[in-house]
Structures are given as C-alpha cells and as structure tokens.
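If you want the building blocks of each chain, they are given just below.
Protein chains: 2
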Amino acid sequence: MENKKKHYVRPLNIKTGKVEMNFGAGGKASAQLISQLFAKYFNNEYLMQGDDGAYLPEANGHLVMATDSHVVYPLFFSGGNIGGLAVHGTVNDVAVCGAKPLYMSAGFILEEGFPLSELEQIVKTMAEEAQKAGIYIVTGDTKVVEKGKGDGVYINTTGVGVVPHGIRLSGSHCKPGDVIAISGDIGDHGVAIMSQRANLGFETQIQSDSASLNGLTEKLVKEIPSLRCMRDPTRGGLGTTLNEIANQSQVGMKIFEEKIPVKESVMAACEFLGLDPLFVANEGKLIAICGPEDAEKMLEIMRSDPLGEHAQIIGTCVKDENCFVQMETPFGGIRMVDWISGEQLPRIC
Amino acid sequence: MENKKKHYVRPLNIKTGKVEMNFGAGGKASAQLISQLFAKYFNNEYLMQGDDGAYLPEANGHLVMATDSHVVYPLFFSGGNIGGLAVHGTVNDVAVCGAKPLYMSAGFILEEGFPLSELEQIVKTMAEEAQKAGIYIVTGDTKVVEKGKGDGVYINTTGVGVVPHGIRLSGSHCKPGDVIAISGDIGDHGVAIMSQRANLGFETQIQSDSASLNGLTEKLVKEIPSLRCMRDPTRGGLGTTLNEIANQSQVGMKIFEEKIPVKESVMAACEFLGLDPLFVANEGKLIAICGPEDAEKMLEIMRSDPLGEHAQIIGTCVKDENCFVQMETPFGGIRMVDWISGEQLPRIC
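Just so you know, the protein sequences line up as chains A and B, in that order. My numbering applies: residue 1 is where the first sequence begins, and numbers increase by one. My numbering applies: residue 1001 is where the second sequence begins, and numbers increase by one.
For the record, the hints were derived by calculation from the structure and aren't laboratory data. Treat the hints loosely; a few may be bogus.
Mimicking DSS-like on lysine-lysine, the simulated pairs with C-alpha atoms at most 25 Å apart in a straight line are [as the list claims (entries may be wrong)]:
id, chain 1, residue 1, chain 2, residue 2
1, B, K1149, B, K1015
2, A, K149, B, K1018
3, A, K100, A, K15
4, A, K147, B, K1147
5, A, K222, A, K100
6, B, K1175, B, K1124
7, B, K1147, A, K18
8, A, K100, A, K259
9, A, K18, B, K1149
10, B, K1149, A, K147
11, A, K319, A, K175
12, B, K1132, B, K1149
13, B, K1149, A, K149
14, A, K297, A, K222
15, A, K100, B, K1100
16, B, K1147, A, K149
17, B, K1175, B, K1222
18, A, K40, A, K124
19, A, K147, B, K1040
20, B, K1018, B, K1124
21, B, K1219, B, K1132
22, A, K15, A, K40
23, B, K1297, B, K1175
24, A, K319, A, K259
25, A, K124, A, K100
26, B, K1319, B, K1254
27, B, K1319, B, K1297
If we take Cβ atoms under 8 Å as the criterion, some of the chain A residues that face chain B in the derived model are [to be verified]:
id, residue
28, G50
29, V64
30, I109
31, G113
32, P115
33, S117
34, K143
35, V144
36, T158
37, V163
38, T240
Think of the CB as a built atom: it goes at the ideal place given N, C-alpha and C, for glycine as much as any other residue.
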C-alpha cells in the first residue's frame, strides 16, 4: 500500500468503472485504486505508514504464521463472499494454533474488466470481518492480469498472531483416550457453494458458515489445560482433517455417526448432489481435542459461544498403529473414514 | 502444508505430469503434491510441523510484514523465474524497512494443465533463493483453477522480519539536504522481461537483476546512523519511487541524469521499445537516503557489496512544497520526473 498524496489523485468511478490493466502497473492509477478503495476501507495506522512493509509493535510470545489463497467460485454466495472468506480462513488458521491473530496482509489478483462496484463490496466485507475479528490488515498488494487469465478476483491473505506463554498446540499432540469435539453442524459452506453453482433452488437456502473462530479458540486456550489441538475442517471436510490429525499424532480415532451434527437441509442437498457431508468444506467450524478430564468443560465452553451452540463430542482417539479413523453407524456397523482421494469440490475456498 | 504420511502417498509424475484440479482439493492428491514437491524443497522444521499455521520462535523487536503477489509473464526469463522473483520481492520489501527477513509464506495459484516439471523448477529456485537470503518458507497453500482461469502459476509471498532495537526507517523521514543513492544500474529487470516478450534478439541478452538485497540493507542499517529510508524501485521504477518518497516526506528532490547508472544495452533497448529507464522496474536495486554527514560512508558500504558495486549518489532532497522530483540533464536543463500515469509495463513482477 503505497502513497496517498492528494494533488494527483483523480476520482475513481466505482459505480460503473472496471478494473484496467494500469491499476496494477504501480503508477498513478495504482495509487488511485489504493487510496480510494483499499485504504478507505482498511484504514489503520499500520497500513497508512505507506512504506513497502508495515512496521508493527513488538510481539510478546511465539509467533504463528498462516497463509491462504482464495479462489472460491462464485465470488458471492449465500452467507458471504470471497472477501469475508479470505479473512475468516486465515484468522482461523492462526487461531487454531492457539494464537491471537493480530496482523494480516491482503494480496489481490484482479482480472481486467472486473466491476469496481463488486470489488468495493468485497473489500468492504473484508474490512468489516477484520474489524469483527480484531485483526489489522496492515499491508497489501494489487496485481492485474488480462481478461481470461484470472476469474474476477483471487485474494491471498496471510496472518500473523502471537501465542500466549506456555501454550503449544499441535495436531501431533493427541493421545489415545483424548476426546474429539466439533463446534457445530458440518458441511454448510461446501453445500452452499455447490448448490449455488448447480443452480439448485432448495426450499430453504443453505448459507455458508463462514466466520472467524478466534473468539471461541481464545476461550478454549485459556480454560482447557489439556487442550491438545484445534483445527478448522475446510477443504476435505471433517473426514480428511481427522485423518490428518490421526496421522500426525500416530493414533486411531473412533467417531459416532449419530453424534455428528448435520442440518437436515444439508443432508438432503448432499444426497441430491452426491456428496458426503463428512468430506464437505466448512469455514466456521472447529475441531477441538483435549484430555478426557476436560471433555465436559470443553463442550460447555463451546456451547456457550454463539459459534458453538450445536457443539458435540463426536468420539475419541484410540491406539491404532494404522492411524485409521473409524465411524460407528447408528446400527452398530463400522465404516472406515478415508481421505478423500480426488477432487470432490474444486474452488470451494 | 499439511501432512506427510507414508502409506497413502503415491509417486507424483513430475517429469511428464501436469497440474490437475484435484491437486487443490485438499485430499490425497493435495498431500501428494505437498510432500513430493513443496516439502521436499522447502524442507525446514517450521514447515514440517504440519499444522494449519507455523509455530515460530519469539521475536525480539518490532515486526515488519510485507506481501507481494507475483504474476510475471513469461514465468521464465533471462536471469531468473517467477519463483526467485517471489522470494526476492518480499525479502526486499521487508529488508528495506530495516528488518532482518526471517519467515515467509508461499501461496500458489496453479492453472490446470501446468507442467509439473516447470513447477518443480520454480519451487527449486524459490528454495535456493530463500536459503541464500536466510529466510524460511514456513507455511504455504496451493489452489488450482481451471484451464483459462489463470496463467500457469501465480505466487503470493508474504514476509515477516524483525527490526533491530532503535531502528525506524520510513519514506516519511527524509529532510532537505539528505542524500539519495542508488545501488546500481537501473531498468535491467523490466527490459529483460519486455525484450523477451517482444522476442527481441539483442546482441547481448539483458538479464534481470532479480536478487535479495538483505545483505546490503543490514550493513547500511548497522553502519549508517542517519539512514532515513530505503526502498527497492520495482513497478514504476526509480522515477515513481522517488516521487512516492518525496510525497511521503513532503520534500522535493533534485537528481542528476549523468549520475544515474544505466547499462548501454538497457538504454538501447529502452529506445527501441519506447521506454524510459527511469520508470522501468528493477528487482535487485536499492534506493537509500541518509543525512549528508553519512553520504560518503553510505556509498562506500554500497560499493563494497557485490550487489552495489555500481552504486552512485544521484541527488539530494530539497525544500519544495510541491514535492517535485526534478532532474538536471547533462546540458544543464531541468526535466520534471513525474509519476508514470498508466500502464507502462503490465505483469512485470
């Protein structure tokens, strides 16, 4: 984010204007876009320094850094847009490591011809969601590619946070006997996107669950001494994420199908679309794993948060050198929960 | 960068394989790409933690954060490729703020069908250049977009560094009388790219100057007490960057054309291509500005570094409420150096 001098800046036509190649060339047009759109909404003392990087306060604790490029299609969907998703995705990746998310960068790749009015909506949502999560967008970058070399807008966000002293969570810390909880209904985001893409008019429109989880994660970090690991099950869904953790910790997992919360509408849409909710992306759900001694307290804290009111304990870690994740069906059968192997849902985030 | 379990990973065909949509879907194919390509080359203790974000050491000092998305075309050019550029660009943005670059994220947006062999070359170069610069690539992300929605590969890198205690540089710190230096010949990167795009066969092929400047910037930070500001003149070139700094500091600048180092071959190519080297991108050049008392020492330090051997003092800051950058020609005339207004060079970085 460079510069904001007054005398050379002509007004940008946000209402009917479109992204032009010169918006990415580093000259007056770039400065115009930055000052009249990005700086206007992201406005904070760090971003406004106007240097090549943002000069930030000293950090008191271990750093956490996470990055995500967002290429979701469509850009606007029921329950959100790419801008909100870009904030939530990175806030959550930092937060699940036990850190308080503090600073975020935003890198835009714009396609020539993209309407500025839509870009403004996206930027406005990013600003609002960043403020809600208490994170500053401190530095940014804009590139423009020719029509047909992008798809409207792609957004990379990278987040930095600080972990409170004495806290160290990891997917590799789980032990047999540990208890696995999920913060609410699974599959909402993926189904919202897919049903919109397929142009399905379900009776009740399914909304993405896209949200920042750092309020909830901070409470768990503070209150649950035996907290081992948190993870937000995005691409690949709950099933893939549990497999990742099982593999990192070299444990097995046993989960109970009847405990896994799924909305009826999402289940119906999944059946229609041929999807398994276990492998459908979430953007505002939390997996948390702790020792058995804190299980009830963990569930209570989750349920007391607006983003965790449908939280459930869904299973436990078990000793298994194959690191299998197995699910008991309501009829007592056992189903293997494998990784998804291919492309279930492309460009879902 | 998630997971690296052995028993599910099939070998990737890097020699003749191409990027497939499922490489970005978060399942087995994603894990395969990560373990056999990214983790193989970027291998370090932070990346290998395998959690959603990287857990890093405590930082002792103010943080600096900078981001850049790279969309350069062509991906491979004389003197480098997009991978090296993505490291250099972000290392330099962090370094010119006076910080030691420590950690970097890498976000890839791959186009379906992109040859894995080319991706490997790019990733290999990134790894080599990161190692040279002493920065760790600690976290990453890969998305895949359909053929025709990208252009091979776009790379976002975001860097975090730490500023030594007591150091605070900014483009807003310059005062009349301050001395402006450039670390070497200008315009190499932009001309290398443009002549390749235009398919010009110049007698001597012009090479990009793409390089990490943090070795040089660290020396200046340490040795030059009156150092006000450093900046790498990328998009928009020397001319635009000087205007930005003049504007931030509310000073004018007077520079001398005969002092500005430009290679003869670059000058000839610029004439042929209709470009002004003042506004052509550099990717391994440094502008440094200090008080007059340290000018000679600054030049000496620059010239003692391999990346600064052609360094020159090119002018001074002057009192000017219009913040004009003016250039004296060899014949004593004065030329205004304005911002470039439009798209001189799209997708140059």
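We went through each hint and held it up to the structure:
As the CA atoms of K1149 of chain B and K1015 of chain B are separated by approximately 24 Å, the hinted pair is consistent with the 25 Å bound. For the given pair, K149 of chain A sits about 18 Å from K1018 of chain B by alpha-carbon distance, which is consistent with the 25 Å threshold. Distance check on the hinted pair: K100 of chain A and K15 of chain A sit about 37 Å apart at the alpha-carbon level, beyond 25 Å; violated. Between the alpha carbons of K147 of chain A and K1147 of chain B the distance comes to roughly 13 Å, so the proposed pair stays at or under 25 Å and holds.
The hinted pair formed by K222 of chain A and K100 of chain A meets the criterion: a straight-line CA distance of about 11 Å does not exceed 25 Å. A C-alpha spacing of about 43 Å is found between K1175 of chain B and K1124 of chain B, which places the hinted pair above 25 Å, so the restraint is violated. For the proposed pair K1147 of chain B and K18 of chain A, the alpha carbon gap of about 23 Å is at most 25 Å, so the pair holds. A C-alpha spacing of about 30 Å is found between K100 of chain A and K259 of chain A, which places the hinted pair above 25 Å, so the restraint is violated.
Between K18 of chain A and K1149 of chain B the alpha-carbon distance is near 18 Å, which keeps this suggested pair within the 25 Å criterion. Pair hint K1149 of chain B plus K147 of chain A holds up; C-alpha atoms about 9 Å apart against a cutoff of 25 Å. Between K319 of chain A and K175 of chain A, the direct Cα distance comes to roughly 8 Å. Compliance with the 25 Å bound is thereby established for this hinted pair. A threshold of 25 Å between alpha carbons decides the hint, and for K1132 of chain B with K1149 of chain B the separation of about 33 Å lies outside it, so the pair is violated.
For the given pair, K1149 of chain B sits about 5 Å from K149 of chain A by alpha-carbon distance, which is consistent with the 25 Å threshold. About 12 Å separates the Cα atoms of K297 of chain A and K222 of chain A, which keeps this hinted pair within 25 Å; it holds. As the CA atoms of K100 of chain A and K1100 of chain B are separated by approximately 23 Å, the hinted pair is consistent with the 25 Å bound. With a C-alpha separation of about 9 Å, the suggested pairing of K1147 of chain B with K149 of chain A holds against the 25 Å cut-off.
In summary, the hint linking K1175 of chain B to K1222 of chain B is supported, as the alpha carbons are separated by about 21 Å, within the 25 Å threshold. Proximity of K40 of chain A to K124 of chain A is assessed by CA-CA distance (about 9 Å); at most 25 Å being required, the pair is judged to hold. Straight-line distance between C-alpha atoms of K147 of chain A and K1040 of chain B comes to about 35 Å, which puts the hinted pair past the 25 Å bound. Taking the CA atoms of K1018 of chain B and K1124 of chain B, the gap is near 17 Å; set against the 25 Å cutoff, the hint holds.
Between K1219 of chain B and K1132 of chain B, the direct Cα distance comes to roughly 16 Å. Compliance with the 25 Å bound is thereby established for this hinted pair. The suggested pairing of K15 of chain A with K40 of chain A holds, with an alpha-carbon distance near 16 Å, which does not exceed 25 Å. Taken as a hint, the K1297 of chain B and K1175 of chain B pair is honoured in the structure, with Cα atoms around 18 Å apart against an allowance of 25 Å. Straight-line distance between C-alpha atoms of K319 of chain A and K259 of chain A comes to about 21 Å, which keeps the hinted pair within the 25 Å bound.
For the hint linking K124 of chain A to K100 of chain A, the alpha-carbon distance of about 23 Å falls within 25 Å, and the restraint holds. Restraint check for K1319 of chain B and K1254 of chain B: satisfied, since their Cα atoms lie roughly 10 Å apart, inside the 25 Å limit. Using a Cα cut-off of 25 Å, the hinted pair K1319 of chain B and K1297 of chain B holds, with the two alpha carbons roughly 24 Å apart. Satisfaction of the interface hint for G50 of chain A is found here, the shortest Cβ-Cβ separation to chain B being roughly 5 Å, below the 8 Å cut-off.
The criterion of a C-beta within 8 Å of any C-beta in chain B is met by V64 of chain A, whose closest approach is roughly 5 Å, and the hint holds. At its closest, the beta carbon of I109 of chain A sits 5 Å from a beta carbon of chain B; the interface hint therefore holds under the 8 Å criterion. Proximity of G113 of chain A to chain B is violated relative to the hint, the smallest CB-CB distance being about 14 Å (cut-off 8 Å). Evaluation of the P115 of chain A hint against chain B yields a violated restraint, the C-beta minimum of about 17 Å exceeding 8 Å.
Because the closest C-beta pair between S117 of chain A and chain B is about 22 Å apart, greater than 8 Å, the hint is violated. Look at K143 of chain A: its Cβ gets to within about 5 Å of chain B, closer than 8 Å, so that hint holds up. Taking 8 Å as the C-beta contact cut-off toward chain B, the hint placing V144 of chain A at the interface holds, the least distance being around 7 Å. Against a cut-off of 8 Å between C-beta atoms, the interface hint on T158 of chain A holds, since the closest Cβ of chain B lies about 4 Å away.
The interface hint given for V163 of chain A is met, as the beta carbon of that residue sits about 7 Å from the closest beta carbon of chain B, less than 8 Å. Annotation: T240 of chain A was flagged as interfacial toward chain B, and the flag holds, the nearest CB pair being 6 Å apart, inside 8 Å.
Violated hints, in rising order: 3, 6, 8, 12, 19, 31, 32 and 33; the structure is consistent with all others.
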